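4 protein chains.
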Amino acid sequence: MTQTTRAPVERAESAHTREWMRRFQRVRSASEMLCAPLETEDYMVQSMADVSPPKWHLAHVSWFFEAFILSPYLDDYQTPDPAYDFLFNSYYETHGKPFPRHLRGTISRPTVAQVYQFRAHIDREMERLLSAPPAEHLDEIIDRLEIGLHHEQQHQELLVMDIKHILSCNPLHPVYRQDIRDRLLSQADRTPTPSEPRWHRYAAGVRQIGVDYPTQPAREHDGDGFVFDSETPRHRQYVAEFELADRPVTNAEFIRFIEDGGYSRTELWLSDGWSTIHRTGWQAPEYWEKVDGRWHTMSLGGLVPVDPDAPVCHVSFYEADAYARWAGARLPTEAEWETAAEDQPLDGHFVEDEVLQPQAPSQTSGSGPQQLYGDVWEWTGSAFLPYPGFTPLEGSLGEYNGKFMSGQMVLRGGCCATPGDHIRASYRNFFPPQARWAHSGIRLARDV
Amino acid sequence: MTQTTRAPVERAESAHTREWMRRFQRVRSASEMLCAPLETEDYMVQSMADVSPPKWHLAHVSWFFEAFILSPYLDDYQTPDPAYDFLFNSYYETHGKPFPRHLRGTISRPTVAQVYQFRAHIDREMERLLSAPPAEHLDEIIDRLEIGLHHEQQHQELLVMDIKHILSCNPLHPVYRQDIRDRLLSQADRTPTPSEPRWHRYAAGVRQIGVDYPTQPAREHDGDGFVFDSETPRHRQYVAEFELADRPVTNAEFIRFIEDGGYSRTELWLSDGWSTIHRTGWQAPEYWEKVDGRWHTMSLGGLVPVDPDAPVCHVSFYEADAYARWAGARLPTEAEWETAAEDQPLDGHFVEDEVLQPQAPSQTSGSGPQQLYGDVWEWTGSAFLPYPGFTPLEGSLGEYNGKFMSGQMVLRGGCCATPGDHIRASYRNFFPPQARWAHSGIRLARDV
Amino acid sequence: MTQTTRAPVERAESAHTREWMRRFQRVRSASEMLCAPLETEDYMVQSMADVSPPKWHLAHVSWFFEAFILSPYLDDYQTPDPAYDFLFNSYYETHGKPFPRHLRGTISRPTVAQVYQFRAHIDREMERLLSAPPAEHLDEIIDRLEIGLHHEQQHQELLVMDIKHILSCNPLHPVYRQDIRDRLLSQADRTPTPSEPRWHRYAAGVRQIGVDYPTQPAREHDGDGFVFDSETPRHRQYVAEFELADRPVTNAEFIRFIEDGGYSRTELWLSDGWSTIHRTGWQAPEYWEKVDGRWHTMSLGGLVPVDPDAPVCHVSFYEADAYARWAGARLPTEAEWETAAEDQPLDGHFVEDEVLQPQAPSQTSGSGPQQLYGDVWEWTGSAFLPYPGFTPLEGSLGEYNGKFMSGQMVLRGGCCATPGDHIRASYRNFFPPQARWAHSGIRLARDV
Amino acid sequence: MTQTTRAPVERAESAHTREWMRRFQRVRSASEMLCAPLETEDYMVQSMADVSPPKWHLAHVSWFFEAFILSPYLDDYQTPDPAYDFLFNSYYETHGKPFPRHLRGTISRPTVAQVYQFRAHIDREMERLLSAPPAEHLDEIIDRLEIGLHHEQQHQELLVMDIKHILSCNPLHPVYRQDIRDRLLSQADRTPTPSEPRWHRYAAGVRQIGVDYPTQPAREHDGDGFVFDSETPRHRQYVAEFELADRPVTNAEFIRFIEDGGYSRTELWLSDGWSTIHRTGWQAPEYWEKVDGRWHTMSLGGLVPVDPDAPVCHVSFYEADAYARWAGARLPTEAEWETAAEDQPLDGHFVEDEVLQPQAPSQTSGSGPQQLYGDVWEWTGSAFLPYPGFTPLEGSLGEYNGKFMSGQMVLRGGCCATPGDHIRASYRNFFPPQARWAHSGIRLARDV
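Residue numbers (the UniProt record's numbering), protein chains in the order written: chain A, 1 to 448; chain B, 1 to 448; chain C, 1 to 448; chain D, 1 to 448.
Next up, chain A with everything else stripped away, as it sits in the complex (with noise of 0.2 angstroms):
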């Protein structure tokens, strides 16, 4: 009787289980759709220590499905290659030693071919695995599956900033795809619209930032309450009186800028940043280079004239600094950011519009700041530091932030290479201040 009461409960189970397999599938699908362009050579090239071979992606997002769910719960789950668990671990000190990062592009078997096969062993033995999930630890399991989905969704957007460094280092300027191409050239002789940003004005007070995980497991919602352990818990700061520009920095901007000597000016500087800039000579954003005069800038379309009124992108937290001091501003902190995000619709590019590439604001929509969410993320003044009460994650996922909370800068709102549905205004990106490689931009603040 008992059976038979709980009988309903296993069916809802069921089908709450069969949904979460159909978002597995979606987002594998997705990963391997961002590599359907390349070459197989392209898979192999670790073309700095910051990126990793499509390859590894690939691989390594599998890799955290059996490591933390197929081997500890699927009984007789076999590996087709112990020597994985060593390869593509990524950092989990705590889950053996990783293979050293910057070795990964020497690593030519498997194959792109057997890692697909890889792919496809993890992609059946997981759906073995939800077909009939051991009960006692449905809980666990489902909660590791999220986090595994959104893992490899992060690897998407990685893979996207990997793929565009791998080509941008071949004087050949290879194209990606051909159609991102085709758009981004006849975008090129639009006339462009010049204008000031606006600013919007925010009352001072005490602010809730931040999110508590959801009070109810995983298995019991439908996975749209998903949040990392860095964005929690929720807590109170308090936020003075401050401006936001309603739109990101663009590329016309960013020119004046560099034409203005904004990279030869030291008193624009952070003391690290004039130090970087000097040992690394940047004298424009990463990929730019000049042709005939006029900016270009390297794509997934290949090389292309720079958008004057897109919003600038992979620039360097210093850059970002310099230049909203050159403009009189400053860098949004988080909870500024978060504050004037709350309410605002996910309305910019995500890697799903597939152009890869940040755009200009087509219409103004609504009231508040446009393109929070999308195209490029925002540096904002604020240091990856632990919120108030936080407490990272048991076990080896607890490496997956807290231990990165030294040295880096937090980013905010996504970009044109996120997948739209990873994206919320309590995320919190980081990088360190000298990287570009991510679609990073600039919003200003200002205080009143």
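Hints listed in this document are in silico derivations from the structure and should not be mistaken for laboratory results. Quick caveat, the model's predicted, so the values are computed rather than measured. Careful: at least some of the hints might be erroneous.
Derived CB-CB ranges, DEER-like [as the list claims (entries may be wrong)]:
id, chain 1, residue 1, chain 2, residue 2, range
1, B, L172, A, R446, 56 to 62 angstroms
2, A, L303, D, R265, 55 to 61 angstroms
3, B, Y77, A, K290, 46 to 52 angstroms
4, A, G368, B, H137, 47 to 53 angstroms
Heads up, the beta-carbon is just placed ideally off N, CA and C, and yes, glycines get one too.
Use these hints to put chains B, C and D onto chain A, whose structure you have.
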């Protein structure tokens, strides 16, 4: 008649200026007393890139008065050598190109004697200026004089740090002052008095953090209200309920962390910290070495046994953070620290106590946390970032703090090498997270 | 009539050119056969700065024919892509600016398939040129063709070296060819046949060392007389009485050196060698690792036990020199080596033996020293310097050898990865003293 | 009776020992005279890794006598500080672990005064030993004393080199001795006397190169026959016909090379040289700088105009080699140099001439090449390798030369910083090819 009327004011000014002159002499003389035990050779050493030769410190703080006061405001001022302006500029990029920092140890001329002559020259010229200051610039002169004196006090602490590092590199373990050695050795055989830290609880609420500039110009106040631009403005922060330990972590406690495998447990460390200890091989605080099974530390009294009851010192932010995690606690934020410190007495050991080594507290006094001031700087969990509404000083002096607001963590409270009249609740010291040659220690906090 | 008279000569020329064409096809095809066992991914890897991706080798040797023969001598020659001239130039600074060597592994396009198309293009165009060569340039064309073929043979040996290194970096120990693995494993259980080296004595005297260029142009000889400029001219050297070991040092002997503490006895090492082994941590030859107490080595058949009777291989000059000192002997000079080798048969194992691993000698043949040729290159004690009267080739080809005559040591005799028709007594190979990825071994000499 | 018979011999020995004592005092005193113009601060500087602080030189050459003579042979010898044995050992790995070379500039204690006391202590103890030497060790003592004195003379030249480098790093251009400045300035306005080099021809033949050790022990000869092990044994070399320039290359000639684009013409350079000048940015010899359009050079008399007639100095092997190629010539081999030098007088400028800067020849004397000795060391095209039959000394002294026989090029003839009684035709100096802080110049040779 007008003159007669103004005479009392002028006399008042004059009296005030004489007071500043006395203050100037006192600070200048303190620097030289710190160097009195040195051999000429000690003045020359740059034992690592962060360290400057003592000779350079003595010249640089004098150059500060030349560059920012004497050259602009004393009409017929003559420098002893125009090259000094290049050799002894530290990092003011807007004031010409500084001599490369890492080569400071290669400059044997001017000699130590010539540097003392330069100091005497500056002292005489400052006296000349202050004895008949140009009325129209008096405010700026006193403002800059005040900064210059605080600047020299900061270098007094650096002198102590650098002298310790310089002597510590010598396998002969030279003794800076024999009386310090005698005192430290006499303490070495005291019976340790182990105790558990007690916790002070602070209620949640919006706090006032930081300070505003004094409303009166420096020439009209007594000099006690000085603050650096980075401490301003006073502003609101919401601080959640928290607890703070009643004393810094002791050497005995840190030895337990070491013996519990603290340096080899990856889960305790930030990612950057873990790679730092692997790159450097750190297994204990800076200056510690084991002699016959007992931990010793290099001090300004040479190599002495570690005092179990004294606060642990010369740990990096990474080690402080890992220790806190091991202890089930965390580092305080700077707002928490300031909240607790605001009404506490300055009861620790400072440079004028002349032991130059953190000491166990003599007697617990009062009811609040002990030793918030003096003995060891306390790492906070806060990055060194501008306060809301922060505006750096104009001109070259604007490079004093603002341009370092990247990649550094805040420390609070001063130490055994800090002049006692140089510290206050709002004072923000900062170092990169891997730095260990400051007298940096640990105070624990925790959520409620 | 004149034409009639010349006709036979022209026909002869034509026949000769056809012979060169066949030689061209033979060499070109050999390169591709070496790559046949590779996966596409293997072609992409640059596992250290000295290694080039196999794809690059295949393209570069083709570029050589384009740059030095087709572009200058085939009027309507069209390159498939002008960028190849930049991408596949190795180091000819006088022929434009080469693409940075250490970034070769980042270039995914042209793909492997496109590189094979480039090869086919070059082959077709060379055939077109040679089927109707411009008479006035025939001599230069054949001269350069001859160099181009020897150049490609050198890259065949590099291909073997680089493929081995690439696969050795993979913890999966991939197998290049299963038949090589089978052969090496079948040898692993042979009973070792230890023996002391015997010594051959050579009288003192003035020797003729090196060779002169052939007196006939290449088009009139059979191609066997080719020499590199660095081997010329033939000249006199006084060689004192000396003795040479009858065979290379074996793995068993080198293991005795290791077990006798060879790597930790400072008195055995050159100063640069001592710092090299401390910096690198070398404790055995490249590719060796101990498995269950027995030395194994990575080979093109994967990880296999070290054959005690085979010549030790993949040692640096420093290790060869230290071994010789330990054994109470020294390395031969190149004049001594050439004196001994001049009339010896080419009786070792070469690339066409297809085992690609140094082998124990099958049967001692003849009365002189064994295995002077093949199996392992033998480090000499001679620096790679110009012979008296040396003149490099004109133009870019003059960069072939001469500009490397600094900081390198000479090796003699070829190895198991060298084409057998590419080696001769006067052949001077060279590597920096710390290089180990060539098949470099040790033969002892001593004074009488 | 036996005693009586031996008495005259003992007295002879005694007289001989007194002569060695006087020699000892002469050499020791010369070191101190070189340092007399220094400030205490100058003694402390290590301006690059290759440079040692003058204080270290003075202590190290004294340590040599302690470690190799006093400690083993003077029974009751007491060192002033046992740590000196660690601090002042240079590189004798077999004699304990030397203090890390690159940190020598960080050791402020012992002070300069204490180092002079150490010297005086060594001098007294050596006097005590030599006044009553143990008969059974007299031979070894004198042998080692002789090496110790030549060792100290080598460090006298290093002192001159290092003092010049130390002062050259100072933007104040300090003057070591004013009389040197006066002399160099007085030469600056001489009319240059341009001339083409003339060539001396030498017939082909088997030559005797190098020297043998003296057949008598040191205590029985007058000390003039000393040679280093690297110069031995005398042996045969075949030297082909060659020509040698009658004088070193002058500054005027080298300026023509610069003005002809010598530093930017890739075809003139060895590959390692080309990458060296690109890495370093060299555009002229070390110490040169252009002031108001005229080349000046830092000297021990401060910054002075380059003397067009004087030999070019402070060039690397790479620059010497590139210059020779530009001039259509080459560098001589060491056998050629020694052939030419064997019967030439020592007619150049040495350290005892006290100008410490290469000088134009005063008067051409004799019929052979001029200035083979003194003024500038002459780079040869020979690598520093063991002569046939070379055997290093036993024990730690065997580390003196032999272990450096890798990666270095030979220079011949001594320079303006060499003691005149320290040089001879067979003397082999050596430096890495990129070194420039020795007084290294160029003499051309060519094939006939």
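Hints versus structure:
1. Between L172 (chain B) and R446 (chain A) the C-beta distance comes to about 57 angstroms, which sits within the given range of 56 to 62 angstroms.
2. About 33 angstroms separates the C-beta atoms of L303 (chain A) and R265 (chain D), a value inconsistent with the hinted range of 55 to 61 angstroms.
3. For the pair Y77 (chain B) and K290 (chain A), the beta carbons lie near 47 angstroms from each other, so the given range of 46 to 52 angstroms is met.
4. Distance hint for G368 (chain A) and H137 (chain B): a CB-CB separation of about 49 angstroms, consistent with the stated range 47 to 53 angstroms.
Hint compliance for this structure: hint 2 is the single one not met.
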